[in-house]
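Novice: Those protein sequence lines, which keep their order, are chains A and B. Under numbering that gives the first Met the number 0, the first residue of the first sequence carries the number 0, and numbering increases by one thereafter. Under numbering that gives the first Met the number 0, the first residue of the second sequence carries the number 0, and numbering increases by one thereafter.
Worth flagging that the hints you see were computed from the coordinates, not collected in a lab. Backbone N, C-alpha and C define an ideal beta-carbon position, used for all residues, glycine too. Treat the hints loosely; a few may be bogus.
In silico DMTMM-like cross-links for lysine to aspartate or glutamate, where the CA-CA straight-line distance does not exceed 25 Å [to be verified]: (1) A:Lys72 to B:Asp265; (2) A:Lys28 to B:Glu75; (3) A:Lys72 to B:Glu75; (4) A:Lys72 to B:Glu546; (5) A:Lys27 to B:Glu118; (6) A:Lys47 to B:Glu118; (7) A:Lys18 to B:Asp114; (8) B:Lys153 to A:Asp31; (9) A:Lys27 to B:Glu465; (10) A:Lys18 to B:Glu118.
Simulated DEER-style distance windows between Cβ atoms [what the hints assert, rightly or not]: (11) B:Asn205 to A:Ile40: 46 to 52 Å; (12) B:Gly129 to A:Ile42: 16 to 22 Å; (13) B:Glu79 to A:Lys28: 39 to 45 Å; (14) A:Ile42 to B:Asn205: 44 to 50 Å; (15) A:Gly5 to B:Trp168: 35 to 41 Å; (16) A:Glu41 to B:Val207: 29 to 35 Å; (17) A:Pro70 to B:Gly66: 41 to 47 Å; (18) B:Gly129 to A:Pro70: 51 to 57 Å; (19) B:Pro78 to A:Ser79: 31 to 37 Å; (20) A:His55 to B:Trp168: 19 to 25 Å; (21) A:Ser79 to B:Glu79: 35 to 41 Å; (22) B:Ala197 to A:Glu69: 42 to 48 Å; (23) A:Ile40 to B:Trp168: 49 to 55 Å; (24) A:Pro70 to B:Thr94: 36 to 42 Å.
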Amino acid sequence: MTDQDGYNLRLYVAGQTPKSIAAIANLKKLCDQHLNGRYEIEIIDLMKNPALAQRHQIIAIPTLIRQLPEPLKRIIGDLSNPEKVLVGLDIQPT
Amino acid sequence: MKSDTRAKAAYRSVPVIEKSPTGIVGLDEITYGGLPKGRPTLLCGSAGCGKTLFSMTFLYNGAVKYGEPGVFIAFEERPEELIKNVGSLRYDVQTLMDEKKLAIDYVHIDPNQIDESGEYDLEGLFIRLGFAIDSVGAKRVVIDTVETLFGGLKNQLVLRSELRRLFNWLKEKGVTAIITGERGDGSLTRYGLEEYVADCVILLDNRVEDQLSTRRLRLVKYRGSAHGTNEYPFIIDEQGITVMPITSSGLAHDASTERVSSGIADLDAMLGGNGYFKGSSILVSGMPGSGKSTAAAHFANSICASGKRCIYFAMEESPQQIIRNMRAVGIDLKKWVDKKLLKFSARRPNLYGLETHLAAMHRDVSDFDPAGVVVDPMSSLMGAGLAGDVHSMILRLVDFLKTRGITALFTNLGLGSAETTTTQMQVSSLMDTWLLLYNRESNGEHNRQLYVLKSRGMAHSNQIREFILSSDGIKLREAYIGPEGVLTGSARLAQEAKDRAAQLTRQQEIERRSREVERKRREITGQIADLQAQLANEEHLREQVVEFEDRFAADRIAMGLSRQAQTANSDAISARKAPKARSEKK
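Chain A on its own, in the form it takes in the complex:
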């Protein structure tokens, strides 16, 4: 695993809502299945850090942002549709 092909993902949630919890679980599951350790997930709770919502242009919750590799990609929703997430993050299913 190198930094170039590693995935840097940020998940923005707002408190412990069912959608947030589902999103976190769905993301972890998906990454474990397809990224095989080549990933980093940062979970940001906007309830605790509301200023980041403006800085990172977050409207919908949950929002997943692929920081790396470039380009930046956004997926909104609780990530309950794995195919869409994979397409959205540009991940080749293994």
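Guided by the hints, dock chain B onto chain A, whose structure is given.
Specialist: Below, chain B without anything else, positioned relative to chain A:
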């Protein structure tokens, strides 16, 4: 009386909607105080009709005038663009942001960047909004325009329920909000935002008629409050936004008996000696070059000379040109401009639509508070709209000026006879005083003439006067009525010369006669003196004779006495003889 006060008290206890003033001139009047406080208001209109400026004005005034900080959620413009755009209205948004009185949050949505997978909500937007509100302690919020979300997010069901939640949330927060929305076909907004915002809906409109656009505002609804229902024109310029509640056609204005000088002494004399009535409307109509503007300048000059303010709405000439031209007839308008008593407001008639003209005049008058107004020429407004519209506009302008007690002078250019051109606009009936100026051709010259066609409420002259533009203004001459009508120009001069000659002859005749009489008087006086001297002489002679006779009689008595022998007879004889002796002497 008692029941009346009780009713009043009961009325007062009824909760009424609190209002949040917008600080926009005119809008607070038609909403009776502003937007509903603590509730969202929908501001809709098509592109470019001023929604963003309108809502920014609301925030800016809130922060500057009413101590209510605000938040601007911009979906369409970046903060730096927004700040620049409203800088044209001299709104210093940056400073307000630095002072934490205003916050701008730019919400960027790029539909190409967003994929959707599963359920989501717009909690992020709520968090941002909440954060922005808390950061400045906002009382006012603008969301411009939330509809952008419809383009960015695919799940319309979620979006609609979230919008409903957003508006409720804003209400709970107790902020006064403006939500802008793009005008849709056949509905107020493209995405039916009016379903959610039900308290107050304002519609902005920018209509183009005859290539001239007029901005208009209408209060579609205002729940729980009385409000003006008409379409009100509004203008956006460097002084901000001004809404003009100009539809009143009240006839309740006071009629003053005070007089205002026309600035032309001779004309004042024709108008019963004192000039126009204060607060009346004066129409000066005439052909090109008949001196309308000069009459108007005289009026403006006289208003300023009395220490009052005057606005000169110039439709065809620039202020500098008017000042120069009037200097030629001895009227120094520059001096009044410098003293800030005279304000020129020069606008081409086709610069914008009639309503906007009216709105601009309205605002100028409200700001400057003049005692007199000149519209020169009113007829050029014909170019800015249809005849009916012009009439309605002039009517409202006249009404407005009258209610304020402002004396207004309108000039009107007519090419044909004055009567027919003015009735085009049918404004003559609105006017209290109508002066007709014309150029009459006679003996190979054009000469100016003036007469007072009507002047309500005063005895006025019925004469046609020749008027002369001299180097110290307009002079009115007594008209000469000759065998072929009124004599003007050189014909009048000739007549005057003839008159002078005749008068000279008469004068000389009088002098000759006087001399003759004087001579005769001296002659007769001399004769009288002669005769009197003669008479005196005669008188004198007679007195001498009488004296002599008396002495003679006395002598005879003395003689008789000395003889001592006189009988009574001889006494009688002597008495008889005495008159004989007297007659012998003669």
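Novice: It remains to establish, for every hint, whether it holds in the given structure.
Specialist: A quick look at each hint next to the structure:
{"no.": "1", "hint": "A:Lys72 to B:Asp265", "verdict": "violated (85 Å)"}
{"no.": "2", "hint": "A:Lys28 to B:Glu75", "verdict": "violated (37 Å)"}
{"no.": "3", "hint": "A:Lys72 to B:Glu75", "verdict": "holds (21 Å)"}
{"no.": "4", "hint": "A:Lys72 to B:Glu546", "verdict": "violated (164 Å)"}
{"no.": "5", "hint": "A:Lys27 to B:Glu118", "verdict": "holds (17 Å)"}
{"no.": "6", "hint": "A:Lys47 to B:Glu118", "verdict": "holds (22 Å)"}
{"no.": "7", "hint": "A:Lys18 to B:Asp114", "verdict": "holds (16 Å)"}
{"no.": "8", "hint": "B:Lys153 to A:Asp31", "verdict": "violated (29 Å)"}
{"no.": "9", "hint": "A:Lys27 to B:Glu465", "verdict": "violated (101 Å)"}
{"no.": "10", "hint": "A:Lys18 to B:Glu118", "verdict": "holds (7 Å)"}
{"no.": "11", "hint": "B:Asn205 to A:Ile40: 46 to 52 Å", "verdict": "holds (50 Å)"}
{"no.": "12", "hint": "B:Gly129 to A:Ile42: 16 to 22 Å", "verdict": "holds (20 Å)"}
{"no.": "13", "hint": "B:Glu79 to A:Lys28: 39 to 45 Å", "verdict": "holds (42 Å)"}
{"no.": "14", "hint": "A:Ile42 to B:Asn205: 44 to 50 Å", "verdict": "holds (48 Å)"}
{"no.": "15", "hint": "A:Gly5 to B:Trp168: 35 to 41 Å", "verdict": "holds (39 Å)"}
{"no.": "16", "hint": "A:Glu41 to B:Val207: 29 to 35 Å", "verdict": "violated (53 Å)"}
{"no.": "17", "hint": "A:Pro70 to B:Gly66: 41 to 47 Å", "verdict": "holds (45 Å)"}
{"no.": "18", "hint": "B:Gly129 to A:Pro70: 51 to 57 Å", "verdict": "violated (30 Å)"}
{"no.": "19", "hint": "B:Pro78 to A:Ser79: 31 to 37 Å", "verdict": "holds (36 Å)"}
{"no.": "20", "hint": "A:His55 to B:Trp168: 19 to 25 Å", "verdict": "holds (21 Å)"}
{"no.": "21", "hint": "A:Ser79 to B:Glu79: 35 to 41 Å", "verdict": "holds (39 Å)"}
{"no.": "22", "hint": "B:Ala197 to A:Glu69: 42 to 48 Å", "verdict": "holds (46 Å)"}
{"no.": "23", "hint": "A:Ile40 to B:Trp168: 49 to 55 Å", "verdict": "violated (30 Å)"}
{"no.": "24", "hint": "A:Pro70 to B:Thr94: 36 to 42 Å", "verdict": "holds (37 Å)"}
In summary, the structure is inconsistent with hints 1, 2, 4, 8, 9, 16, 18, 23 from the numbered list given earlier, while agreeing with the others.
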